[in-house]
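Participant: Based on the sequences and whatever the hints tell you, model everything.
Each protein sequence line maps, in turn, to chains A and B.
Using this note's numbering, the first residue of the first sequence is number 1, and each one after it goes up by one.
Using this note's numbering, the first residue of the second sequence is number 1, and each one after it goes up by one.
Bear in mind the hints are in silico, worked out from the structure with no lab data behind them.
Values in this document were obtained by computation on a predicted structure and should not be read as measured data.
Please note that the accuracy of each hint is not assured.
Said to hold, decoys possible - Below 16 angstroms or equal to it, Euclidean Cα-Cα: the simulated EDC-like pairs (lysine to aspartate or glutamate) are:
1) A:K131 / B:D159
2) A:K131 / B:D148
3) B:K68 / B:D148
4) A:K131 / B:E151
5) A:K140 / A:E124
6) A:K131 / B:E160
7) B:K145 / B:E268
8) B:K145 / A:E124
9) A:K134 / B:D159
10) A:K134 / B:E160
11) A:K129 / B:E160
12) A:K129 / B:D159
13) B:K152 / A:E135
14) A:K134 / A:E166
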Amino acid sequence: MNCEECGKRPATLHLTKIVNGEKTEYHICEHCAQEKGDVFTGFHNFSINNLLSGLLKFDPMQKGMKDATTNKPLRCETCGLTYAQFSKSGRFGCSDCYTFLGDRLDPLFRRIHGNTQHIGKVPERTGGKLKIRKELEQLKQALQTHVASEEFEKAAEMRDRIRALEQKMAQS
Amino acid sequence: MSQQQFMQNPWSNWMKGEGPDPDIVISTRLRIARNLRQHPFPLLATDSQGEEVVRKVTEVAESDAMRKRHHLQVLQMDQVNPLEKRVLVEKHLISPHLAEESRKGAVLLSSDESVSIMVNEEDHIRIQVLLPGFRLNEAWEIGTKIDDIFEKNLNYAFDETRGYLTSCPTNVGTGIRASVMLHLPALVMTQQISRILQAINQVGLVVRGIYGEGSEALGNLFQLSNQVTLGMSESDILSNLYGVARQIIEQERVARTYLLEHTRVSLEDRIFRSYGILMYARTVESKEAAQRLSDVRLGIDLGVIPDVSPLVLNELLVTTQPGFLQQHAGQKLTPDQRDERRARLIRERITDRQEHSG
Numbered sequence: 001m002n003c004e005e006c007g008k009r010p011a012t013l014h015l016t017k018i019v020n021g022e023k024t025e026y027h028i029c030e031h032c033a034q035e036k037g038d039v040f041t042g043f044h045n046f047s048i049n050n051l052l053s054g055l056l057k058f059d060p061m062q063k064g065m066k067d068a069t070t071n072k073p074l075r076c077e078t079c080g081l082t083y084a085q086f087s088k089s090g091r092f093g094c095s096d097c098y099t100f101l102g103d104r105l106d107p108l109f110r111r112i113h114g115n116t117q118h119i120g121k122v123p124e125r126t127g128g129k130l131k132i133r134k135e136l137e138q139l140k141q142a143l144q145t146h147v148a149s150e151e152f153e154k155a156a157e158m159r160d161r162i163r164a165l166e167q168k169m170a171q172s
Numbered sequence: 001m002s003q004q005q006f007m008q009n010p011w012s013n014w015m016k017g018e019g020p021d022p023d024i025v026i027s028t029r030l031r032i033a034r035n036l037r038q039h040p041f042p043l044l045a046t047d048s049q050g051e052e053v054v055r056k057v058t059e060v061a062e063s064d065a066m067r068k069r070h071h072l073q074v075l076q077m078d079q080v081n082p083l084e085k086r087v088l089v090e091k092h093l094i095s096p097h098l099a100e101e102s103r104k105g106a107v108l109l110s111s112d113e114s115v116s117i118m119v120n121e122e123d124h125i126r127i128q129v130l131l132p133g134f135r136l137n138e139a140w141e142i143g144t145k146i147d148d149i150f151e152k153n154l155n156y157a158f159d160e161t162r163g164y165l166t167s168c169p170t171n172v173g174t175g176i177r178a179s180v181m182l183h184l185p186a187l188v189m190t191q192q193i194s195r196i197l198q199a200i201n202q203v204g205l206v207v208r209g210i211y212g213e214g215s216e217a218l219g220n221l222f223q224l225s226n227q228v229t230l231g232m233s234e235s236d237i238l239s240n241l242y243g244v245a246r247q248i249i250e251q252e253r254v255a256r257t258y259l260l261e262h263t264r265v266s267l268e269d270r271i272f273r274s275y276g277i278l279m280y281a282r283t284v285e286s287k288e289a290a291q292r293l294s295d296v297r298l299g300i301d302l303g304v305i306p307d308v309s310p311l312v313l314n315e316l317l318v319t320t321q322p323g324f325l326q327q328h329a330g331q332k333l334t335p336d337q338r339d340e341r342r343a344r345l346i347r348e349r350i351t352d353r354q355e356h357s358g
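Facilitator: Put into structure tokens, the structure is as follows:
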């Protein structure tokens, strides 16, 4: 089979791309594949904004555009961004948008990340108690693993660190 | 280093070809997105709000705590001409968005260009660390320390549940995007690349061309990065990326050995044809240059072409780009003139047998 693009060289790349259930097949040569970068990335000329607003548009979250009690359009009180504007641009206006749009964002985060909760780094200065709490969780998990694998010396070490942290929590 | 030097010198630290696996991993990049509380995100900010953010960030960048680690120079985007911006983009020091669309955008650059901090891009602060070779953890160590210094002095937008808050929901949580630039000619030649790219998407990673989102995979260079930023810790994100990249590197090595053992003559033929063309051509387009340079790089890595330093190839990756060619010429060039200059530059560099001292 010859390449669909140039018709000259033999097709060496055979790709199947499925976008919104629509299947497209490509049989092209390596040369043309280099030129057609979109076959590789699938995002050519298609920004992440479009993709996000696509996700939001077909969403039962549309209901969330109005506040249930006041029936007014949902908006961020700090910067004024409405849910409708957000779903169009795929961008927040300020950090308070996260608070005002609240739980309604869960389905979106679940789709993008498969998760809704942060478990990584916590700011040293402003993270305060949260940082200690996360550290405690990690230590408790480590303690369990050490107990399970009968590494009791290490487990004892974890226990002491947990106690020290719990005291620190109580004091602050 | 003066502003002019950033534009004239083709060398960034990331091109030095050091670090683990430099034959396949050209460079490692780590980006940390951070925003300030009580400041509208750059897309909505007024000019004066934007200026205030630049002022605050610059203040910290010039503090003693930061100076102990990095000497950063500030470039305001409205004081950099379009050609110079293009050079910075080609060197991966700023994003196309900062160059073209930002208002009150700025970048803080370390003298060896391994640290670049963009201000008022899509987020208030984007700390970027660029290193040669395969060095994810090292990049994170450098980036997280800079992050800590900023955090001591600025009020970050952070939420217990959502983590670091970002303008785009795809970056929320850790705010980190780690990526490695991989040269994978043998996987392309043996037609395994599409299978691998499909598998990658299923493990929360994404592949792009070398100039980011929507760019083409020129010269068999692929940028592999994490997609997920929320619900995974930084170390999990990095080790996931590390593990997958490691496997791809091994597969590329296997494919290279296979090609050498089974199709040596046609492989050598391909490499030497490209080498010959680059040594003698009088005009060459950027796409062809990328492909031929990829062949020559493979030839060097396999010991088929003995006398050219792989560093020359890293340098040419940047210097053959349109912006850099024009900057070097000191004038705007038509595409034809660029192709001619590109051919001459490549010819000079790859027939120059001396090691580049950098």
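Participant: If a hint holds in the structure, say so; if it doesn't, say that too.
Facilitator: These are the hints, each one checked on the structure:
Distance restraint check for A:K131 and B:D159: the Cα-Cα separation of roughly 12 angstroms lies within the 16 angstroms cut-off, and the hinted pair is therefore satisfied. For the given pair, A:K131 sits about 14 angstroms from B:D148 by alpha-carbon distance, which is consistent with the 16 angstroms threshold. With a C-alpha separation of about 14 angstroms, the suggested pairing of B:K68 with B:D148 holds against the 16 angstroms cut-off. Taken as a hint, the A:K131 and B:E151 pair is honoured in the structure, with Cα atoms around 14 angstroms apart against an allowance of 16 angstroms.
Taken as a hint, the A:K140 and A:E124 pair is broken in the structure, with Cα atoms around 21 angstroms apart against an allowance of 16 angstroms. A C-alpha spacing of about 10 angstroms is found between A:K131 and B:E160, which places the hinted pair at or below 16 angstroms, so the restraint holds. Restraint check: the Cα-Cα separation between B:K145 and B:E268 comes to about 46 angstroms, which exceeds 16 angstroms; the hinted pair is violated. Between B:K145 and A:E124, the direct Cα distance comes to roughly 11 angstroms. Compliance with the 16 angstroms bound is thereby established for this hinted pair.
Between A:K134 and B:D159, the direct Cα distance comes to roughly 14 angstroms. Compliance with the 16 angstroms bound is thereby established for this hinted pair. Between A:K134 and B:E160 the alpha-carbon distance is near 10 angstroms, which keeps this suggested pair within the 16 angstroms criterion. For the suggested pair A:K129 and B:E160, the alpha carbons sit about 10 angstroms apart, so the restraint of at most 16 angstroms is met. Only pairs whose Cα atoms come within 16 angstroms are accepted, and A:K129 paired with B:D159 is accepted, the gap being roughly 13 angstroms.
In summary, the hint linking B:K152 to A:E135 is not supported, as the alpha carbons are separated by about 20 angstroms, beyond the 16 angstroms threshold. Between A:K134 and A:E166, the direct Cα distance comes to roughly 12 angstroms. Compliance with the 16 angstroms bound is thereby established for this hinted pair.
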